[in-house]
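There are 2 protein chains.
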Amino acid sequence: MLGLYSLDMEKGLLYETIVTTKNPDGTPNAAPIGVICKADDEIVFYLHKGSKTFDNVQHEKNFHVNILNDPMVFVESTIGNLEIAEFQADDGGFFIKSAEAFFRAEVTHEKLVQHKDHLGTSITNVIRARVRDVVKNQEHVQPLNRAIYGIIEALVYLSRIDIVSEDEKKAYLDQISEISRVVNKVGSEDHKQAMKKILESLE
Amino acid sequence: MLGLYSLDMEKGLLYETIVTTKNPDGTPNAAPIGVICKADDEIVFYLHKGSKTFDNVQHEKNFHVNILNDPMVFVESTIGNLEIAEFQADDGGFFIKSAEAFFRAEVTHEKLVQHKDHLGTSITNVIRARVRDVVKNQEHVQPLNRAIYGIIEALVYLSRIDIVSEDEKKAYLDQISEISRVVNKVGSEDHKQAMKKILESLE
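First to last, the protein sequences are chains E and B.
Counting from 1, one number per residue, gives the positions in the first sequence under the UniProt record's numbering.
Counting from 1, one number per residue, gives the positions in the second sequence under the UniProt record's numbering.
Treat the hints with caution; some may be incorrect.
Because identical chains share one entry, a pair is satisfied inside a single copy or across any pair of copies.
[To be verified] Straight-line distance between alpha carbons at most 30 Å, and here's what the computed DSSO-like set of lysine-lysine pairs gives:
#: 1; residue 1: Lys-97; residue 2: Lys-197
#: 2; residue 1: Lys-196; residue 2: Lys-185
#: 3; residue 1: Lys-61; residue 2: Lys-170
#: 4; residue 1: Lys-61; residue 2: Lys-192
#: 5; residue 1: Lys-38; residue 2: Lys-61
#: 6; residue 1: Lys-136; residue 2: Lys-170
#: 7; residue 1: Lys-170; residue 2: Lys-97
#: 8; residue 1: Lys-61; residue 2: Lys-196
#: 9; residue 1: Lys-97; residue 2: Lys-169
#: 10; residue 1: Lys-52; residue 2: Lys-170
Because the hints were derived from the structure by calculation, they are not lab data.
None of these values were measured; they are calculated from a predicted model.
This is chain E alone, in the form it adopts within the complex (with noise of 0.2 Å):
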C-alpha cells in the first residue's frame, strides 16, 4: 500500500495541506491545514475549537488530506468554502478532484490542550491519525513545506541588514526571529541548521 513518503513526504516536515471533512448535514468542508508528516503513515496536526473541521474530525474521526498547490483553492477554502463541484464523496467523507494526491485519515488519538495568550484562551485538539488509502493523480507529487522559502527570506533580510537604518534593522531581526520560529516548526534537520547558522552570522 503507498504511504505518505511515496507522496515525498519526509517524516518530521509539516506541510500545508487542504483537509476535507463532512459537515453534520452531510456537505463537504474544506481548510487549509498544516499535517505533520510523523511516519509513513501517521500524521499529527493541531485544530482550533470554533472552526468547522474542529468540530467535524471531533465527530466523525474521519477525514480526507488533500495535496495541492493551487492558490485559489487555499484561498476560497479559507474565505467561504469551496465550490461543492470541486469535491467528490469518497468513503464517508470528501476529497477534492483536483488534488494532486490525497488520502483518508481516522483519528487514532485526541488531546484538549488550553492555550492562553494576549487574545484570550483558545482551545486546541491535538490529533494524531492513521493514514489510509493514498492516492496519487501524478506520478510526481510536490506537498509544500515553508522551510526553504523561509531561509531564502532571511537572507534576504541579512543581506540587507548593514545598510538600512536602526529602525529597520529592529524591524529585520524581527523578521528573522519570527522566521526562524516557523522554520523550526516545519523544518527538517537540515533547514534547522541552516538557519542556525543565519542566526550565528548575526552574533
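The hints should help you fit chain B onto chain E, whose structure is shown.
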C-alpha cells in the same frame, strides 16, 4: 535540446536559484539570485553593483544557473562562499555538483539602471540571457517559486485579523501588502488572481 520547461519552469515566473560565475582569478563564485523564465530558452534577472556576480557576469558574459533546494547551499553562498569542492568546472565556468539541474547561459543584452531610494543610489544591471546546455541530474526537478507560500502566509494573517488588536491589525495589513508585492513580482496569473481575492476580502 532540453529547455527550461523541462525543468518544470513556467513562462513569467521568478525562481530562486544559485548563479555560479568565474572570478578574475579563475576561482568559482556562487550567489542566490532570482531568475525570471521568459521563454523555454531565455531568462531575465537583476544584478546589483557591488556584488561579485555583477562584475563576473559583466566581464565573462557567461554563467551557470543551478536549481536546488539544499538550505545550506543558499546560506553558505550568501554568507561567504561555498567550499571549492562543491563546484565542478564546465565550459569556461562552474556548476554546483549537488544541483538537481543546471544550465549555462550567455548574456544577450545588458542594461544598467540607476535606482534611488531612501538607502541611497544603487546601480542594477538588467540581464537578458540565452539558455544553453540544460542538464538534469534527476528526473523530476523542483525549481523554487515563492508565490504559493506568500499566499499561504497572507491567509494566516487574514484569518487572524479580526481577533487581534488595532496595532497588530495594522502590522498584519503591512505584511499582506508586502506579500502582495512579492506575489505580483514572482507569481503566475493564478497567484495574482488569488492575491487579488485576498485583498478584496479586506475591503
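Verification of the hints:
{"no.": "1", "hint": "Lys-97 - Lys-197", "verdict": "between (42 Å within a copy, 22 Å between copies)"}
{"no.": "2", "hint": "Lys-196 - Lys-185", "verdict": "both (13 Å within a copy, 29 Å between copies)"}
{"no.": "3", "hint": "Lys-61 - Lys-170", "verdict": "neither (45 Å within a copy, 38 Å between copies)"}
{"no.": "4", "hint": "Lys-61 - Lys-192", "verdict": "neither (33 Å within a copy, 36 Å between copies)"}
{"no.": "5", "hint": "Lys-38 - Lys-61", "verdict": "within (18 Å within a copy, 48 Å between copies)"}
{"no.": "6", "hint": "Lys-136 - Lys-170", "verdict": "neither (45 Å within a copy, 42 Å between copies)"}
{"no.": "7", "hint": "Lys-170 - Lys-97", "verdict": "neither (45 Å within a copy, 37 Å between copies)"}
{"no.": "8", "hint": "Lys-61 - Lys-196", "verdict": "neither (38 Å within a copy, 36 Å between copies)"}
{"no.": "9", "hint": "Lys-97 - Lys-169", "verdict": "neither (46 Å within a copy, 35 Å between copies)"}
{"no.": "10", "hint": "Lys-52 - Lys-170", "verdict": "between (39 Å within a copy, 28 Å between copies)"}
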